[in-house]
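Novice: Sequence:
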Amino acid sequence: MGSFTPGVSVSESYYSLLSVEPHATPDEIRKAYRKLALRFHPDKNPDAGETFQKISTAYATLSDPQRRQVYDRFGEQGVQIMEQAAAYGVPPWLLNPAAQSGLLCVLLVVVVGLVVVFPVILTMRIDGGLAWPWPAVFTPLWLVDLLVLALAAASPRDRDAGCWRCVPNRRQVNLALLLAFQLLLAYKLDAGEQAPFSYSESFLPLEISIFLGAVAELCMHGRTALGRGRGGGQGAEGADRAAAQRRLVSVVARSSLQLSFLGLLGCRGDDLLPVT
Numbered sequence: 001m002g003s004f005t006p007g008v009s010v011s012e013s014y015y016s017l018l019s020v021e022p023h024a025t026p027d028e029i030r031k032a033y034r035k036l037a038l039r040f041h042p043d044k045n046p047d048a049g050e051t052f053q054k055i056s057t058a059y060a061t062l063s064d065p066q067r068r069q070v071y072d073r074f075g076e077q078g079v080q081i082m083e084q085a086a087a088y089g090v091p092p093w094l095l096n097p098a099a100q101s102g103l104l105c106v107l108l109v110v111v112v113g114l115v116v117v118f119p120v121i122l123t124m125r126i127d128g129g130l131a132w133p134w135p136a137v138f139t140p141l142w143l144v145d146l147l148v149l150a151l152a153a154a155s156p157r158d159r160d161a162g163c164w165r166c167v168p169n170r171r172q173v174n175l176a177l178l179l180a181f182q183l184l185l186a187y188k189l190d191a192g193e194q195a196p197f198s199y200s201e202s203f204l205p206l207e208i209s210i211f212l213g214a215v216a217e218l219c220m221h222g223r224t225a226l227g228r229g230r231g232g233g234q235g236a237e238g239a240d241r242a243a244a245q246r247r248l249v250s251v252v253a254r255s256s257l258q259l260s261f262l263g264l265l266g267c268r269g270d271d272l273l274p275v276t
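Take 1 as the starting number for the sequence shown in this note's numbering and just add one per residue.
Take the hints with a grain of salt, since some may be wrong.
[Unchecked claim] Quick list of in silico lysine to aspartate or glutamate cross-link-like pairs, EDC-like style, CA-CA up to 20 Å:
id, residue 1, residue 2
1, LYS44, GLU28
2, LYS35, ASP47
3, LYS35, ASP64
4, LYS31, ASP240
5, LYS35, GLU50
6, LYS44, ASP240
7, LYS31, ASP64
8, LYS35, ASP240
9, LYS35, GLU21
Note that these hints are calculated values from the structure, not bench results.
Let the hints inform the model, and build the full structure from the sequences given.
Specialist: Take a look at the structure:
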C-alpha cells in the first residue's frame with residue numbers, strides 16, 4: 001500500500017488518498033476508509049477538515065462499482081460528467097467502459113453529430129439565415145431525445161431510487177418532461193402571440209423535472225443527513241452524515257438557482273421584465 005500524507009494535493013489518486021492499491025477489493029477499501037475517517041474526522045482532528053473531505057469523496061467514488069469503473073478509465077472528470085449527465089436523465093452506464101461496444105459507439109457518434117448540427121441550425125435561424133419553421137429547427141434535438149430515451153428504457157433501474165421507487169423508470173420521466181418542454185417552446189416560438197400559453201408556461205415541464213430531481217436527491221440523502229444511523233456523529237457514520245449534509249446544501253442551492261433562472265427567462269420572454 002502507498003503511504004498517506006495529510007494535506008495531499010487535489011490531483012492525487014483516490015487510491016493513494018485511501019492508502020490502497022488500484023486492485024483493492026471493496027472490503028479493503030471500506031476498511032481503509034473507516035480507519036482514515038476515524039483518524040481525520042473534524043470532531044477529533046479540527047485541522048483536518050480538507051483532508052477528511054477528500055477522503056469522503058474518494059470513498060464515495062471507489063465504493064460504487066459503476067463510478068469506480070468510470071474513474072479508472074476517465075478519472076475525476078469522467079465521474080463528474082457521469083453525475084451531471086445522470087441529473088438530466090442520461091443513463092450513467094453510457095460512460096461505463098464495459099458498455100462501450102461497437103453499437104454504442106455508433107449511437108454516440110450519431111448523437112454527437114446531431115448535437116453539433118442543432119446549434120448551427122439554431123444560430124442560422126436566429127440570425128435570419130434560415131427561414132425554417134421552429135419545429136424543423138428542433139428536429140435534430142428531438143432525434144437525440146428519442147435515442148437517449150430508448151437507451152434509458154433499456155438501462156437497469158436504479159437501486160437507490162429513494163422517493164422514485166414507485167416510478168418504473170425515473171430517467172424516462174425526466175426525458176419525457178424535457179421533450180415536452182422542447183415541444184412547447186418550439187410551438188411558442190413558431191406561433192408567437194397566437195399560442196394559447198406563455199413562455200413561462202412552456203418552461204413548466206423543465207421546472208417540474210428539476211424539482212422532482214431535487215426531491216429525489218433530498219430523499220436519498222436526507223435520512224443519512226438527519227442521523228439515521230446509530231452512533232450519531234462519530235466515526236465513519238459521522239463522516240457519512242457530514243457528506244450527506246453537504247450534498248443536501250448543494251442540491252438545494254443548485255435547484256434554486258436553476259428554477260430562478262428559468263423563471264426570470266420566462267418572464268423576460270413574456271415581456272414582464274424590462275431590458276435596461
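Novice: Please go over all the hints and tell whether each is borne out by the structure.
Specialist: Hint check results:
Proposed proximity of LYS44 and GLU28 is contradicted: the alpha carbons are some 23 Å apart, above 20 Å. A hinted pair counts as satisfied when its Cα atoms are at most 20 Å apart, and LYS35 with ASP47 qualifies at roughly 17 Å. Simply put, LYS35 and ASP64 have alpha-carbon atoms about 19 Å apart, close enough for the 20 Å limit, and the pair holds. Using a Cα cut-off of 20 Å, the hinted pair LYS31 and ASP240 holds, with the two alpha carbons roughly 14 Å apart.
Between LYS35 and GLU50 the CA atoms are separated by roughly 17 Å; this keeps the pair inside 20 Å, and the hint holds. For the given pair, LYS44 sits about 15 Å from ASP240 by alpha-carbon distance, which is consistent with the 20 Å threshold. Simply put, LYS31 and ASP64 have alpha-carbon atoms about 15 Å apart, close enough for the 20 Å limit, and the pair holds. Using a Cα cut-off of 20 Å, the hinted pair LYS35 and ASP240 holds, with the two alpha carbons roughly 14 Å apart.
A threshold of 20 Å between alpha carbons decides the hint, and for LYS35 with GLU21 the separation of about 16 Å falls inside it, so the pair holds.
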